[in-house]
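Those protein sequences? They're chains A and B, same order as listed.
The numbering used here puts the first residue of the first sequence at 1, with every later residue one more than the last.
The numbering used here puts the first residue of the second sequence at 1, with every later residue one more than the last.
Keep in mind that the hints are not guaranteed to be accurate.
[Claimed, not checked] With the Cβ distance kept under 7 Å, some of the chain B side facing chain A (calculated, not the full set):
| no. | residue |
| --- | --- |
| 1 | 14 |
| 2 | 16 |
| 3 | 18 |
| 4 | 20 |
| 5 | 156 |
| 6 | 158 |
| 7 | 171 |
| 8 | 174 |
| 9 | 175 |
| 10 | 178 |
| 11 | 300 |
| 12 | 301 |
| 13 | 316 |
Rather than coming from a laboratory, the hints here were simulated on the basis of the structure.
Keep in mind it's a predicted model, so treat the numbers as computed, not measured.
The beta carbon of each residue, even a glycine, is placed where N, CA and C say it ideally should be.
Chain by chain, the residues run as shown.
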Amino acid sequence: MALERVFADEPAFVPYVAAGDPSDEASIEYVEALERGGADVVELGLPFSEPIAEGSTIQGAVARALEAGMTPQRYFEFVEELDVDVPLVCMTYYNLVYQYEHPETGESEAVASEATSGETASRGPRAFVERAAEAGIEGFVVVDLPAEEAGPLRAACDDFGCDLVFVIAPTTKGERLGSMREQVSGYVYVQARLGVTGAREDVSDRTEQSLARVADWDVPKAVGFGIKTGAHAERIIAAGADGVIVGSALVDIIAEGHEDGADTVAVADRLEAKARELKEGALTGARRAGAETR
Amino acid sequence: MSTDKTFGDYGGQYVPESLMPAIEELTDAYERYVLDDEDGFMDEFRRRLADFGGRPLPLQHAESLSARYDTAVYLKREDLLHGGAHKLNNALGQVLLAKYMGKERIIAETGAGQHGTATAMAAAHLDMPCEIYMGETDIRRQRPNVFRMRTNGAEVTPVTTGRGTLKEAISETMRDWATTVETTHYVIGSVVGPAPFPAMVRDFQAVISEEAREQAIEKEGRLPDAVLACAGGGSNTMGTFAHFVDDDGAEPRSAGRSSGQRRRDGVDLYAVEAGGSSLSVDEEEGVAPNSASLSTGDEGVLHGARTKLLQDSHGQIMESHSVSAGLDYAGVGPELAHLVDEGRVEAVNVDDDSALAAFHRLSRDEGVIPALETAHAFGYLEEHHDELGDFVVVNVSGRGDKDLETVLEETEKRDLDVAPDISVLRSAAGEEGM
Ligand SMILES: Cc1ncc(COP(=O)(O)O)c(C=O)c1O
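Just chain A, with the same shape it has in the complex (with noise of 0.2 Å):
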């Protein structure tokens, strides 16, 4: 229950990138220079191959990021030769998480949880939480697991003091609210649009109506899904979100990037630059709400 921290002073910028994209090397280059553009906290992605509420830009990054050799064992070598001070959370679909295996307490106990259901402390939610922890994660954000099916990983995140966040859509509505208000830790990812990830020119219109929808929840909101330009996290900072999270906008930089052939030291520089941007855009918005009130 740690990410609130992030979020007590100023807006909080969250930017995501995927582990691996599109090398070992650069993506940590780029991670680092997220932090030094302003970061507050980074979502790295940890590729799945089916990922299925991403747009074409994010589905480009993860087919990078497994083409160059990114796997769950790697991606927590990746988090723990990582040298940033903002927290780390990670963001990626369930079979992931389902089918871990520790690589220590893994191999013994391997054969007798091939009987059950595959959830046991060696495989499964328990096991990859207990890893990511090891690594230095200190939150989940599982794109397909709604609150419903999602018991064991928020068991296993409350035993090793993780945090996880929801994603609240446009539609979700009535009673679905009640049972992600009561399992959601660090903050609410509050989705400003239907529709998969990608950055997009304006903000959607129902950033405030999901906003107002969380209002009294007690933890941060972070609002994601189209946000491109310091102008739309000043919108939706003064909207009211404690947060903004950007993904295929940075992506975007990546991709160019490595399509281009530029060096990772200038890409890294673009990255900042455009970190920078949110941040101080998050910032802007934050006086112009605090203005508002008074």
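Dock chain B with the ligand against the given chain A, drawing on the hints supplied.
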């Protein structure tokens, strides 16, 4: 009436949050209209299946095959359903349901193009706009169906990710649905996906075994010893098994029954998967040269459900393979996975060669040209007929017109005794300079 979301350990609803409200809405509609027959939904569905679809369909005595195997072999002729495959049972049910729900647009994925075709036909019949997602590889190998969908007024959108087959098409349709969910219904093409799809699609397909069970009793005065159906996602399979599942004989259920040992008095159920070119797996490349997820897969989560999957040791989904596009999928319906674990259904498979030979055999000996998917069930019959008892029903899930180009190509690569000599085609083509 309400439904369970799971079948033993399998099933569930593993989808992005934006889809959850639509799935709840669909569950409600399924319970009201399908299970409780509100507003005469089921009457209208059955009337349209009869008038538009052509049901009921025959259970035909296959005389040559019966003589060949010294067993009474019957064909359940789903290939005679409008559109040429069992797919219309489900597509018509779901498009009609979407109408009752007040939806304005239909989307669907397709592998072999049969489900896309059935959906396009149902949408045209019920006057709904329709968009079909289809992998590029499948567009290439199932061209006639692409043209049929276009002819029925559907948009066909190519999917270029991955190997460009059914798995990618499902992922892309889910992405569309996440964006348009308020006005659009996703007509999923098999007993896969999040609850309530697996149960609902089974219920729409169950008309196959509802008819077949009665027809079997009428024709032979008893239940069959064995029922065979091919299995991709498993919708023709579950439809063919549904009304036989309780006919499990006197012996207690036990898992791990070895094949060849017949269960007395019960109806044995065989799900025949695509063994592709080999049952082995290339971990390094993430490729399985087969689609035998029931026989060789492990439990995991894909496309909204916990089920048996072809996946690598990390949980990444593998690229599957089959000569038949409709079986070429890394997952399988959760209920079928459960019935296999329970020992009620036997998961078996035959390879590409066996399916191709069976395609030619059924065409030559019975005058029925089966879909390549269907041919797998007949491949199993050829290999194991002496273990199946005296009365066998095989579901002819679809007709093979869509596969003729593929069969031509694949037959030329092989030395099959049963294949016809097609030199007449070659020389005619040669004269035209093709
Ligand atoms: C004729 C035919 N049979 C079988 C299948 C496999 O689907 P299922 O396993 O859902 O019946 C298909 C799929 O396209 C098909 O076209």
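Legend entry - Status of the residue 18 of chain B interface restraint (C-beta, 7 Å, chain A): At 4 Å from the nearest chain A Cβ, residue 18 of chain B passes the 7 Å test, so the hint holds.
Inset, instruction - Return the status of the interface hint for residue 300 of chain B: holds when the least beta-carbon distance to chain A is below 7 Å, violated otherwise. - result: It holds, given that the least Cβ distance between residue 300 of chain B and chain A is near 5 Å, below 7 Å.
Legend entry - Satisfaction of the residue 16 of chain B interface hint, Cβ to chain A closer than 7 Å: 4 Å, holds
Legend entry - Status of the residue 158 of chain B interface restraint (C-beta, 7 Å, chain A): 14 Å, violated
Inset, instruction - Go through the hint on residue 14 of chain B and say holds or violated, using the shortest Cβ distance to chain A against 7 Å. - result: 5 Å, holds
Legend entry - Interface hint status, residue 316 of chain B versus chain A (Cβ within 7 Å): 4 Å, holds
Legend entry - Interface restraint verdict for residue 174 of chain B against chain A (beta-carbon cut-off 7 Å): 5 Å, holds
Legend entry - Minimum beta-carbon distance criterion (7 Å), residue 175 of chain B to chain A: 5 Å, holds
Inset, instruction - For the hint on residue 156 of chain B, just tell me whether its beta-carbon gets within less than 7 Å of chain A. - result: 19 Å, violated
Legend entry - Residue hint residue 171 of chain B, partner chain A, criterion CB-CB below 7 Å: Hint on residue 171 of chain B: holds, closest Cβ of chain A at ~5 Å, below 7 Å.
Legend entry - Closest C-beta approach of residue 20 of chain B to chain A relative to 7 Å, hint status: 5 Å, holds
Inset, instruction - Using 7 Å as the Cβ threshold, decide whether residue 301 of chain B counts as touching chain A. - result: Nearest chain A Cβ about 4 Å off; hint holds.
The structure fails to meet hints 5 and 6 from the earlier list, while all remaining hints are met.
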